[in-house]
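Colleague: Single-letter residue listing:
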Amino acid sequence: MALLEVDNLSIGYYGRNGLTTAVDSVSFTLDRGKTLGFVGESGCGKTTIGMALLRLLPENASVLSGKILFEGQDLLELSPNDMRKIRWKKIAMIFQAAMNALNPVQRVDNQIAEALLTHDPGLDKQAALKKTAELYDMVGIPKNRLRDYPHQYSGGMKQRAIIAMALVCQPVLLIADEPTTALDVIVQDQILKEIRNFQKKLNIAMVFISHDISVVADVCHNIAVMYDGWMVEFGSREEILSSPAHPYTKMLLASNLTLKVGMHTSTSIPEPIIHIERSPDQCPFYHRCPEHAEQCRTDSYKWVTLSSSHRVFCKNVTGGLEPE
Amino acid sequence: MDKRIPKKHARAKRLLSGWAVFRDNLLGKIGLVFLTVFALMAIGSFIPPHIDPMYHPMTGVDPQIYDSTGPSLKHWLGTDFMGRDIFSQLLAGARIAFMVGVSAAFMSIFLGTIIGMISGYMGRWTDTLLMRIADIFMVLPVLLVILILASLFGQLNIWIIVFIISIFKWPGVARVIRAQTLSLKERPFIDAARVVGASHLRIIFRHIMPNVLPLSFLYMTFMVTYAIIVEAALAFLGFGDPGTVSWGMMLQWVWKTGHMFKAPYWLLPPGLCISLITLSFYMLGRAMDDVLDPRLRKEKTVV
Amino acid sequence: MELRRYIIRRLYQVAVIFFVILTVLFLLFRLAPGDPVSRMVDPDMTPEEAELLISELGLDKPLWIQYVYFVKNFFTGNFGHSFNYGQPVVSIILDRLPNTIILFTTSVILAALVGVFFGKIASWEKGSKKDVWMTIVALASHTVFVPWLALILIWIFAYKLGWFPITGMISEEVWLDPDSGPLAKLLDIIYHMILPLTTLFLIHFGSYLLIMRTSMLETLNEDYILTARAKGLTEKVVRNHHAAPNAALPVVTTVGLNLAFSINGGALTETVFTWPGIGRELVFSVSNNDYPLAQACFLLIALVVLVANLVVDIIYAFLDPRIRY
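Protein chains in written order, with our numbering: chain A, 1 to 324; chain B, 1001 to 1303; chain C, 2001 to 2325.
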């Protein structure tokens, strides 16, 4: 059984102008010990998915439909108290903009130990602090920085501390939301290497969210491409990189110069995502798609399966096996 | 908090977020209503003496009354210990309040904005010096300073009082304006102006000032409040301008003539007015704050 | 360690500011219209006493020497002789100062604690009836005119209901009675202190409540609160252990910023309640042209405000590690 099975998840936000759909009918599975990357521009809904997995959506958000099955249980049906028990113990998260993710008036080791103590009340404080120290070894922060306050850490150190904190309860699923975006490139590289190491060593399943496809490609077994709330392509790393099927995926890859896999002339993606009113049958990517055709506006949607692990949500794709 | 939300909860959520906006507006509206009433009172203060000289707040004396009396048809709020009409005194007090409040506020905002801009823009020694001076003024309680000055120079004229109040209040404004100036200083449009060869003065007044003015006006409401209170407190203690009839003065009369327990119609109105006008300006200021703040945050600059 | 350096730096600032104030006051008193000598020498003194005082204060010497005398006298506690009381000013000051400090400190601390507590609750239940009422009460009490509030409280609770004394800090019967022990005396003081304390409390707690409320609402949007929730902490723990300590910091800052204003209110309250503190003494001495006393009271109040500012800053540095390290 897959560790995580998300089925037809839709999430909306209530704003001044009514309900905006941030995530639209997204489904995917994730096995133990594997990594799944979500990639797309800001506003495509990838962060929302991450938050939904921990049921940490803001007050004005609402799950419109779908199930999130974790180890067989639907997380959306759990009581708040039961969900609390799962948080961090089973599913942990590394947040976007982790610069402010630590409480500025508490010492870092106390904050990390707090996670342990919350989920294991029998544990005594000394033991918790000791475990924290061990984790610092693992993430590579000198132990003499344990008693410091967050503002005394550099950006990379803070991120490492956040990672240590996320791993302290030995979760089976880790959600990493843009963990390296706020860092400079060299530190980014180091952190990514370390994340890869932990993931392998501790056999943690991971959902890795990023707008940078090269980063995702570095770390993930499978990649899901998101656009404007829709998942538009899903496949293994190799499949996505070497034979992308969706035009948006192709654009993402092409605009990324750091990939070593077949570089073409760099193209930039025209205008950012604007949520436009469109008829339900029209493809969300229609206006920016260089390959759009008439049927993209009218034919009904379906996933096109390209292989056992590769599917694409496009009406204009060629070479599909057994269209559903 | 994020489960499937039944329809009625969804509607409640929408109402809640709308209510916050409405409520802040309501606060401002109430404040405005009160202030209008007070303004009308101030304007109306010129009328009573014309109706009958006995209604003059300072010198009018009802020939038939020798002591404090309660409300009556002739005297809506009664009379004070000298037989003067309390209601007309109240109206006059409104006039003084606005006079004192607005002038002191204007002066301190004027001073504070200019000093704040210069301090923030010039930086270094100028900044340090000006802010140190500001520190000194901020530490001193205005009321007590005026008391000492009164002891040395005798009874102070109302305009001197206004002047001193503004001298002691500019630091508060200056600090805020300085902070705003500091953040504006880094913006590209300032660099652009410098490259074109604009002088410092021109940059300060042509480019920085329009962007800090909304903040200045916001602080004006707080300054008005402050000035009114200080003048009232001074008058209450007996150090106000004896030629003016202000609400604080009225309270002093009630207190000093021992009528405070006997004459609620005399004790209550002036204090109530001072408190309400303070409240109204405060509410207005808060409403303006909420309107301006997101705008300031969005950094809409006037270039 | 940084804390020590911070304190030293602030002490230095306090010293500088105080010296400036001292100097300005000196100049004011010497250079204002009128005879400066008559301002320092009690007209009721005998000529010999006057001579002695003049030489003590150096009033017959050039201005800059007078300044030196002035500073020296200040630090040796020689403020001259009160015209009104016929006693050395310093003894009056020493008698009055503790009274002010007791009243003032207690009211500010109580107001801060209560304000923070209810501000926190108001933010949790934002938009509810409780919140609205708390906000209204806070606003109203914050903007009410201090002496008027004091008079009204006296009128209702002391005059009409007779629950509390109308004025003063102590009842003579209690203090003159040789049999009354320290507890009786303490209770007597507290009995007299309740109304003025309530007045000061009401004036201050409103602004603290409002600030805490706003601060909590902003803090609850911070990233580290999200982290805390993600860690599986209960809402209660998140609010009390993570949000509130951060949200309370602006309240501390506010206490510091408003100190000068608070002293104004304190002086007014003391005057109305005839509470024998420094504020009231200042008002009293100015009304009576008791220059030496007025001058000393003023200087001391300035010093109190400066020191109070320093204390607040230190407390803040203690609470916020970002300042210390």
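Hint data in this document are derived by calculation from the structure and do not stem from the laboratory.
Treat the numbers as computed from the prediction; the structure is a model and nothing was measured.
It is possible that some hints are incorrect.
What the hints assert, rightly or not - Under the rule of at most 25 Å between Cα atoms (straight-line distance), these lysine to any residue pairs were calculated in the SDA-like manner:
#1 C:2130 <-> B:1028
#2 A:131 <-> A:149
#3 C:2160 <-> B:1070
#4 A:90 <-> A:151
#5 A:143 <-> C:2178
#6 C:2129 <-> B:1033
#7 A:125 <-> C:2241
#8 A:85 <-> A:124
#9 B:1262 <-> C:2130
#10 A:89 <-> C:2130
#11 A:89 <-> C:2234
#12 A:125 <-> C:2321
#13 A:34 <-> A:138
#14 C:2130 <-> B:1279
#15 B:1256 <-> C:2171
#16 B:1029 <-> C:2321
#17 A:85 <-> C:2130
#18 C:2126 <-> B:1288
#19 B:1029 <-> C:2139
#20 A:67 <-> A:124
#21 B:1029 <-> B:1081
#22 C:2160 <-> B:1069
#23 A:90 <-> C:2214
#24 C:2236 <-> A:167
#25 A:125 <-> C:2217
#26 A:302 <-> A:284
#27 A:85 <-> C:2235
#28 A:125 <-> C:2171
#29 C:2236 <-> A:56
#30 C:2236 <-> A:149
#31 B:1029 <-> C:2133
#32 B:1185 <-> B:1160
#33 C:2129 <-> B:1288
#34 C:2126 <-> A:56
#35 C:2129 <-> B:1276
#36 C:2160 <-> B:1081
#37 C:2130 <-> B:1276
#38 C:2236 <-> C:2217
#39 C:2126 <-> A:57
Colleague: Does each hint hold? Answer for all of them.
Modeller: These are the hints, each one checked on the structure:
1. C:2130 <-> B:1028: 21 Å, holds
2. A:131 <-> A:149: Holds, because 18 Å separates the two Cα atoms, which is no more than 25 Å.
3. C:2160 <-> B:1070: 19 Å, holds
4. A:90 <-> A:151: 29 Å, violated
5. A:143 <-> C:2178: Distance of about 65 Å is beyond 25 Å: violated.
6. C:2129 <-> B:1033: Status holds; Cα separation ~23 Å.
7. A:125 <-> C:2241: 17 Å, holds
8. A:85 <-> A:124: The given pair, whose Cα atoms are some 19 Å apart, holds under the 25 Å limit.
9. B:1262 <-> C:2130: Outside the cut-off at roughly 36 Å; violated.
10. A:89 <-> C:2130: 36 Å, violated
11. A:89 <-> C:2234: 14 Å, holds
12. A:125 <-> C:2321: With Cα atoms ~22 Å apart, residue 125 of chain A and residue 2321 of chain C stay inside 25 Å; holds.
13. A:34 <-> A:138: 21 Å, holds
14. C:2130 <-> B:1279: 20 Å, holds
15. B:1256 <-> C:2171: Holds - the C-alpha atoms of residue 2171 of chain C and residue 1256 of chain B are around 23 Å apart, at most 25 Å.
16. B:1029 <-> C:2321: Violated. Residue 1029 of chain B to residue 2321 of chain C sits at ~42 Å, over the 25 Å cutoff.
17. A:85 <-> C:2130: Measuring from Cα to Cα gives roughly 31 Å; hence the hint is violated.
18. C:2126 <-> B:1288: Judged against 25 Å, a Cα distance of about 21 Å means the pair holds.
19. B:1029 <-> C:2139: Holds. Residue 1029 of chain B to residue 2139 of chain C sits at ~15 Å (cutoff 25 Å).
20. A:67 <-> A:124: 37 Å, violated
21. B:1029 <-> B:1081: 38 Å, violated
22. C:2160 <-> B:1069: Roughly 20 Å separates the two Cα atoms, so the pair holds.
23. A:90 <-> C:2214: 35 Å, violated
24. C:2236 <-> A:167: Holds: residue 2236 of chain C and residue 167 of chain A sit about 24 Å apart, inside 25 Å.
25. A:125 <-> C:2217: With Cα atoms ~31 Å apart, residue 125 of chain A and residue 2217 of chain C exceed 25 Å; violated.
26. A:302 <-> A:284: Given pair residue 302 of chain A, residue 284 of chain A holds - Cα atoms ~13 Å apart, limit 25 Å.
27. A:85 <-> C:2235: 13 Å, holds
28. A:125 <-> C:2171: 54 Å, violated
29. C:2236 <-> A:56: Between residue 2236 of chain C and residue 56 of chain A the Cα gap is close to 16 Å, so the pair holds against 25 Å.
30. C:2236 <-> A:149: Roughly 23 Å between the alpha carbons, so the hint for residue 2236 of chain C and residue 149 of chain A holds.
31. B:1029 <-> C:2133: Holds: residue 1029 of chain B and residue 2133 of chain C sit about 18 Å apart, inside 25 Å.
32. B:1185 <-> B:1160: 36 Å, violated
33. C:2129 <-> B:1288: 24 Å, holds
34. C:2126 <-> A:56: Satisfied, since the Cα-Cα distance of roughly 20 Å is no more than 25 Å.
35. C:2129 <-> B:1276: 23 Å, holds
36. C:2160 <-> B:1081: 22 Å, holds
37. C:2130 <-> B:1276: Status holds; Cα separation ~23 Å.
38. C:2236 <-> C:2217: Cα-Cα ~15 Å, so holds.
39. C:2126 <-> A:57: Given pair residue 2126 of chain C, residue 57 of chain A holds - Cα atoms ~19 Å apart, limit 25 Å.
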